[in-house]
Amino acid sequence: MKVWIVVLIGLALAGVGALSVWRYLDRQADTRAWDELAASIETEPGTYDPAMVAELPEPAQRYFNYMIEPGAPLHSVVEIEMTGQIGLGTKAAPNYREMSARQILAPPYGLVWQLEAGSFSGSDSALPGASWTRFWLFDLLPVVRVSGHDHRRSAFGRVVAEAAFWAPSSLLPGEFVRWEAIDSDSARAIVRFESFEQAVEITIDEFGAPTQVTIPRWSNANADEAYRLQPFGVELSEFRRFGGYRLPTRVVGGNHFGTPDYFPFFKARITEIRFPDAAHSPSR
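The numbering used here puts the first residue of the sequence shown at 860, with every later residue one more than the last.
Some clues are possibly wrong.
To be verified - Capping the alpha-carbon separation at 25 Å, the derived lysine to any residue pairs in SDA-like fashion look like this: (1) Lys950 - Gln973; (2) Lys950 - Asp1009; (3) Lys1126 - Ala1080; (4) Lys950 - Ala1085; (5) Lys1126 - Asn954; (6) Lys950 - Ala1080; (7) Lys1126 - Gly946; (8) Lys1126 - Arg1012; (9) Lys950 - Val1002; (10) Lys950 - Pro1075; (11) Lys950 - Val1005; (12) Lys1126 - Gln944; (13) Lys950 - Gly1113; (14) Lys1126 - Thr1108; (15) Lys1126 - Tyr1086; (16) Lys950 - Tyr1086; (17) Lys950 - Ala1082; (18) Lys950 - Gly1117; (19) Lys950 - Tyr1121; (20) Lys1126 - Asn1081; (21) Lys950 - Gln1071; (22) Lys1126 - Arg1004; (23) Lys1126 - Glu1084; (24) Lys1126 - Ser1045; (25) Lys1126 - Thr1062; (26) Lys950 - Arg1004; (27) Lys950 - Pro1123; (28) Lys950 - Gln1089.
Hints listed in this document are in silico derivations from the structure and should not be mistaken for laboratory results.
With the hints as extra help, turn the sequences into a complete structure.
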């Protein structure tokens, strides 16, 4: 009997050790992804001039002229720290938990979002050609692991949506971006990258501050758990200045935006926004 007890204890310890190594490898993958995105920083980004957007629809001009001050560096990468609540349940039973997270966003290339929410932790990451969602319970038990083409398409939608309020210079007209008019207070940017195309609609107030950002997102957050296009959106407020930019520090959003099924699972307050340069982009 004693031998079997020793064997069982040994197997349990080996299992815990294997899971710990697995969690460590996930963290290392996040670090490599963070560094890869940081390496996309342009060494000579140029500065913002309102003439850059003079031919865009008027709401788009108003948006850029509010979000970016003349002469501000056109940062291609932004780092964000946040607190707030994350809903781990459904609209009927949201299961909100206090959370803190940090993120690197480098549109259109990708993002890394690292979350801590009590016993629940993990990351969303997207890179050219790859993406993943990996979450753990007690830093020991893997509870969510998703990747693949559908996930990559969905992750690209998130990158484009967040570009509209945290990395506006990435939506200036150019190689990846074109603009369309909608009405007097909204415009649409269409971003193409790799094999993906994603539209993002931006609604602005009289000053040009974006109040809502919406996308048709490729998602399986529905009763059928089937990937399809469905509305995703966020509401933005409490703008502050960060290095020549006016950016929202209150972001609330979720799936099925604008419908009776809307579930605002993401409620964030931004505590810090940084624009790393090519000489100072530390690993995370």
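Here is what the structure says about each hint:
no., hint, verdict
1, Lys950 - Gln973, "holds (24 Å)"
2, Lys950 - Asp1009, "holds (23 Å)"
3, Lys1126 - Ala1080, "holds (17 Å)"
4, Lys950 - Ala1085, "holds (18 Å)"
5, Lys1126 - Asn954, "holds (13 Å)"
6, Lys950 - Ala1080, "holds (11 Å)"
7, Lys1126 - Gly946, "holds (8 Å)"
8, Lys1126 - Arg1012, "holds (23 Å)"
9, Lys950 - Val1002, "holds (21 Å)"
10, Lys950 - Pro1075, "holds (20 Å)"
11, Lys950 - Val1005, "holds (22 Å)"
12, Lys1126 - Gln944, "holds (5 Å)"
13, Lys950 - Gly1113, "holds (10 Å)"
14, Lys1126 - Thr1108, "holds (11 Å)"
15, Lys1126 - Tyr1086, "holds (24 Å)"
16, Lys950 - Tyr1086, "holds (19 Å)"
17, Lys950 - Ala1082, "holds (12 Å)"
18, Lys950 - Gly1117, "holds (14 Å)"
19, Lys950 - Tyr1121, "holds (7 Å)"
20, Lys1126 - Asn1081, "holds (20 Å)"
21, Lys950 - Gln1071, "holds (20 Å)"
22, Lys1126 - Arg1004, "holds (23 Å)"
23, Lys1126 - Glu1084, "holds (23 Å)"
24, Lys1126 - Ser1045, "holds (23 Å)"
25, Lys1126 - Thr1062, "holds (19 Å)"
26, Lys950 - Arg1004, "holds (22 Å)"
27, Lys950 - Pro1123, "holds (8 Å)"
28, Lys950 - Gln1089, "holds (16 Å)"
Hint check: no violations occur; every hint is consistent with the structure.
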